[in-house]
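Chemist: So the number in the numbering used here is just where the residue sits in the sequence shown, counting from 1, plus 349.
It should be emphasised that the hints constitute simulated quantities derived from the structure, not laboratory data. Please read these numbers as outputs of a predicted model, since none were measured by experiment. Every residue gets a Cβ at the ideal spot worked out from N, C-alpha and C, and that includes glycine. Treat the hints with care, since some could be wrong.
[Unchecked claim] Okay, the calculated beta carbon distance ranges per label pair:
1. K457 / R383: 26 to 36 Å
2. H476 / Q456: 40 to 50 Å
3. A525 / D409: 17 to 27 Å
4. K394 / K432: 52 to 62 Å
5. E480 / K404: 47 to 57 Å
6. I486 / A433: 39 to 49 Å
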Amino acid sequence: MGARLGKGSTPPDLKVQVAGWRNKIRRESMALDRQIYGIRREEEKIKASVKEAAKKGNNDLSRFYAKELIRSRQALSKINVSKANLSSILMHVQEQLAILRASGSLQKSTQVMQAVAALIQIPQLAHTMKELSKQMIKAGIMEEIINETVESLEYQEELEGAADGEIDEILWEITAGQIGRAPVVIMDGILTPYPSREYVDSDEEDGEEREKVQSGLEALRS
Numbered sequence: 350m351g352a353r354l355g356k357g358s359t360p361p362d363l364k365v366q367v368a369g370w371r372n373k374i375r376r377e378s379m380a381l382d383r384q385i386y387g388i389r390r391e392e393e394k395i396k397a398s399v400k401e402a403a404k405k406g407n408n409d410l411s412r413f414y415a416k417e418l419i420r421s422r423q424a425l426s427k428i429n430v431s432k433a434n435l436s437s438i439l440m441h442v443q444e445q446l447a448i449l450r451a452s453g454s455l456q457k458s459t460q461v462m463q464a465v466a467a468l469i470q471i472p473q474l475a476h477t478m479k480e481l482s483k484q485m486i487k488a489g490i491m492e493e494i495i496n497e498t499v500e501s502l503e504y505q506e507e508l509e510g511a512a513d514g515e516i517d518e519i520l521w522e523i524t525a526g527q528i529g530r531a532p533v534v535i536m537d538g539i540l541t542p543y544p545s546r547e548y549v550d551s552d553e554e555d556g557e558e559r560e561k562v563q564s565g566l567e568a569l570r571s
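Could you build all of it, start to finish, from the sequences and the hints given here?
Modeler: Shown next as structure tokens:
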């Protein structure tokens with residue numbers, strides 16, 4: 350528990366500090382929203398490219414785009430987790446201010462420490478969260494983050510690979526069954542996959558187009 354203060358009083362400097370924390374957290378959340386918007390816009394372009402490649406019978410390019418779409422969805426999932434952690438920190442900071450006003454004391458929050466520890470591992474949030482953690486430790490809201498806490502979260506910067514089955518399902522979804530494979534369904538208690546559509550192999554080289562797509566998406570995810 351932090352230093353005891355007069356009941357019902359809130360030090361002006363701490364009020365300013367808490368307001369600063371809230372502003373930083375909201376700015377980071379807005380930055381993540383912009384990142385999400387950018388990735389989703391690129392996803393729409395990728396879906397259009399998948400359809401176009403499928404029409405031309407370009408199997409390799411279709412699967413390349415499908416892999417990039419899967420990676421984008423994985424990136425969005427990680428961003429949404431980060432947004433949830435930011436919201437958790439903001440909520441607990443506001444609760445701490447209310448506690449301070451009512452009782453004149455600060456209380457340490459394990460939830461804040463865990464959320465901050467998770468966000469410190471996100472490259473684009475690391476600097477801001479390290480600064481916030483120092484200030485919050487000094488103010489008595491959280492304890493110092495130990496290595497064991499960070500290691501237990503096991504954040505993985507690299508996005509997972511896409512399995513062939515997942516790629517086939519994405520292709521089926523985007524091309525309305527023109528190519529790929531539908532998800533497995535249960536019929537009469539038996540798992541039954543829909544038949545896959547045949548691909549038409551293509552020897553066309555699309556290296557430049559692939560590199561352009563990958564570069565654009567990597568910039569949005571980072």
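Chemist: Is 52 to 62 Å right for how far apart the beta carbons of K394 and K432 are?
Modeler: With Cβ atoms ~23 Å apart, the hint is violated.
Chemist: Quick check on a hinted range of 47 to 57 Å for E480 and K404, using CB atoms only.
Modeler: holds, 51 Å
Chemist: The hint says 39 to 49 Å between I486 and A433; measuring C-beta to C-beta, is that right?
Modeler: Because 22 Å falls outside the window, the suggested range is violated.
Chemist: Is 17 to 27 Å right for how far apart the beta carbons of A525 and D409 are?
Modeler: With a Cβ separation near 21 Å, A525 and D409 satisfy 17 to 27 Å, so the hint holds.
Chemist: Quick check on a hinted range of 40 to 50 Å for H476 and Q456, using CB atoms only.
Modeler: Since H476 and Q456 have Cβ atoms about 27 Å apart, the given range 40 to 50 Å is violated.
Chemist: Assuming the hint says 26 to 36 Å, is it satisfied by the Cβ distance from K457 to R383 or not?
Modeler: holds, 33 Å
In summary, the structure is inconsistent with hints 2, 4 and 6 from the numbered list given earlier, while agreeing with the others.
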